[in-house]
Each structure stands twice: as structure tokens, then as C-alpha cells.
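**Student:** One-letter residues, chain by chain:
2 protein chains.
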Amino acid sequence: MPKNQYVSSAVIRRLPRYYRFLGELLERGVTRISSKELAAMMNLTASQIRQDLNCFGGFGQQGFGYHVSLLHDEIRKILGLDQGFRAILIGVGNLGRAFVNHIDFSGSGFVLTGLFDKNPALIGKQIAGLPVRDADELSTFCQENTVDIAILCVPSDVAQQTANDLIRCGVTAFWNFTQYDIKVEHPEAVVESVHLADGLMALCYQVKDARRPLETPEP
Amino acid sequence: MPKNQYVSSAVIRRLPRYYRFLGELLERGVTRISSKELAAMMNLTASQIRQDLNCFGGFGQQGFGYHVSLLHDEIRKILGLDQGFRAILIGVGNLGRAFVNHIDFSGSGFVLTGLFDKNPALIGKQIAGLPVRDADELSTFCQENTVDIAILCVPSDVAQQTANDLIRCGVTAFWNFTQYDIKVEHPEAVVESVHLADGLMALCYQVKDARRPLETPEP
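Just so you know, the sequences run in chain order A and B.
Residue numbers for the first sequence follow our numbering, so the first one is 1 and each next one is one higher.
Residue numbers for the second sequence follow our numbering, so the first one is 1 and each next one is one higher.
Misleading hints may appear alongside valid ones.
Since the list gives no way to pick out one identical chain from another, each pair is judged satisfied if it fits inside one copy or across any two copies.
[Unchecked claim] Capping the alpha-carbon separation at 35 Å, the derived lysine-lysine pairs in DSBU-like fashion look like this:
(1) K183 to K77
(2) K77 to K208
(3) K118 to K36
(4) K36 to K183
(5) K183 to K208
(6) K36 to K125
Don't read these hints as lab results, they were simulated from the structure.
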């Protein structure tokens, strides 16, 4: 149970990483780990880890460390990964299709329930067990089904229009892979924009700049 | 020309975003912009923008603002996007293939010069004008050609081994899309790991948590 109601976004953004590392430990059969060992694995300090986890009540025991499976499960609940939110993906081109096949949606708290595209050559095809629907059916689909987030893989020039249409259908959370920073006016709306090329440019700087590594983004 | 030799990684990580927004302004034919207008576009404060750009000598003029095309060009040079670094991509599955087609490599400072895979069904195929080579030819290729970065789209369980092989071939910069946090011991090595699902989990938290938006990661 959360100890503090307010948890900084920096801490929240580190939680998926904790979750990932704890999952790896579980797979390797590790049952307990000290904050020092976990810190070494994750390139953090033990005190940072203790501080982060104290936001939610701690979970560690003096002299024992962390119970890997319990902590993994708590973080899963804190993130809400157990709630089975519904996601749809719009734009089943190369990138969209790759995500459908690559991303572990259920492990990330979502069930992928709909795929949409405008391209007649794609409509009706099955991808990862889901039919590609006509983008014109989007609003009907959103009326008839709960949609918690929309993943935007559409071309940049239709990104904002697509977001506007979805907001009108009641969808207020967006994972945006277009190059365009969509703007949403809805008070409850949340947007996570991923600009893949930004990471490549930052890497370019590091290769140029005497290969001096940047600190991990703070997250 | 840089004013300060040391620029924080937070500033560097914001530069691609400046570059992107300035590029959009250029496309729209905007020739000058005040720090206040740019701040409103980018959801930053004017003082933040002035501070960031002062790290490299400023570029703004009192009462005029920023010359969009000059500033765009300066940031391009600071990031090293004009240097034509060579990138190879290993693992031409769904995700790798999507990146080849989706990412603007040349706009991000890189020329994609080689594609590699182990799958006989893919070897020899042409993707975006490049032949898919046998992963066994990787070391020969790296000996005969300059390779500045490797983009890893291989399965997680071979990520570390692939990185080790590449390090031995002299490749020291990695853009890592596997789920595995690769470790590189080389003193000059730089790694940018992208864990797409982490963003989805952070979004899950926001959907759960009364849809309270997280602050933009600090970058």
C-alpha cells in the first residue's frame, strides 16, 4: 500500500526498470536480493533504491533485503499492470505491425483489442490474431468497447487529427509514435510521445564528442 | 562554437527536440522566433531555452529572437548530424525492418550501411536498398568498413553475445532495442538502450492513477 500519496514522476518512470530487473531475477530463480546487489545490477546506488521503494512503504527487511517475488508483485500493482486496460493501435504500417508483434502488451498491463488502418490492402488481414479494421469504424468501435489507450503509429501529418477524433470518442490516453508532438486539450488526457530518432541524435553527439557517454536520462 | 566545454547530458538530450521543432518552423517558412514563442511551442520556459542555448554561445539577439535556420544549423553541428557516421543494424525481424523503413537515419546523423541477420530466409533479401547479409559476415564487414554504431534488434538472449562480438570488431557505440540491458566494458563504449515497454508501463500507471500526467522525463 502506498506510503505517500504523492510520488514523483522520476520515481514512477524508474518503476518499469525495477520491474524488468526483478522479473529477470525471478526467471533466474533468485528469491531475495539486497539493495546493494540490486543497485549493482541496475547501475544505481543502494540508497537511491531504498529511497525509491520507501515511497511505497519500503518492502525491504533489515538484514534480509528484498523478497524478489513480493517486490515484483507490489510494483506490478503500483503500476497497475494487473488491471487489464484495453489498448487499440492505429496505423498498421511497418512500425505499427512491428509493435504488435514485438511488444509484450499483457506484461505491460494492456490487452490489445483493436487494430485500425486506412489502407484497403491491410483492412481485413489478421495480425497477431486480430483483424485489421477500417479506420472509419474507429468511433463505432470506441462506442461499443472500452478503450483505455490508443497507440498512434499513423503518419505525422494525420497524427493530430487522429488524436482529436479519438478524444471525441472518449479516448484520453495516447502512446504517440508519430514524429508529431500531438496536443490534447482534454483535462484528463495523458500523452507519452516516443521520438525514436531523438535517441539516435543523442547517440550521434556521443560518438562525435570523444565518445563521452551521457548519463542515463533522469527518468 | 561551444561557449562551455562541459555541457550537461540533460541539455544534450533536449537538443534533438529543439532540432525537431526548429525543423518544423523552417518547413512552415518561419524565419525568426522569440524564446517566448519557442517556449510556448515546446512546453518549456523562455528562461530554460535561453539557459540551454547559452551553453553553446547563445545564438539569440536582443529584440530579434532566434534566427530559425541559423539555430537549426548550429544545433545540427553541435549534435554532429553533419558528420555522416556509419550505422549497421543487426536483426532484421519485424522491429529491425520497421526501423529501417521508419527512421530518418540521414536526418539523424547516420548512414545505414549494413543489415545483418541469421535467418536464411532473410539473407540476400533487399530492404530499403540494402542487402541483408549473413550475421557470420559481421566481423569481416567491420574490418573492411568503418562502423560507428550498431543498432541491436536481435532477440534478448543473444544481445550480450552480439555486443561482445561487435566490441571485438571495434564497434563501440550501440543503440540497443533488445529487452536486455547489455553491459560493455570498453572504456570508449556508449550504449543507448530503448525499452519501449517501459513507456507503456508508465502510461499504465497514469491511466490507473486518476489519469494524472507525469512530467516530461528529464532528459
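**Student:** Between K183 and K77, at a C-alpha cutoff of 35 Å, which is it: within one copy, between copies, both, or neither?
**Tutor:** both (30 Å within a copy, 29 Å between copies)
**Student:** Can you tell me if K118 and K36 fall within 35 Å by alpha carbon in one copy, between copies, both or neither?
**Tutor:** So K118 and K36 fail the 35 Å test inside a copy (51 Å) and across (38 Å) alike.
**Student:** Please sort K77 with K208 into within, between, both or neither, judging by C-alpha distance up to 35 Å.
**Tutor:** between (42 Å within a copy, 10 Å between copies)
**Student:** Under a CA distance limit of 35 Å, which applies to K36 and K183: within one copy, between copies, both, or neither?
**Tutor:** between (42 Å within a copy, 18 Å between copies)
**Student:** How would you label the pair K183, K208 (within, between, both, or neither) given a Cα cut-off of 35 Å?
**Tutor:** both (33 Å within a copy, 21 Å between copies)
**Student:** With 35 Å as the alpha-carbon cut-off, assign the pair K36 and K125 to within, between, both or neither.
**Tutor:** neither (50 Å within a copy, 48 Å between copies)
Of the hints listed earlier, those the structure fails to meet are numbers 3, 6, in rising order.
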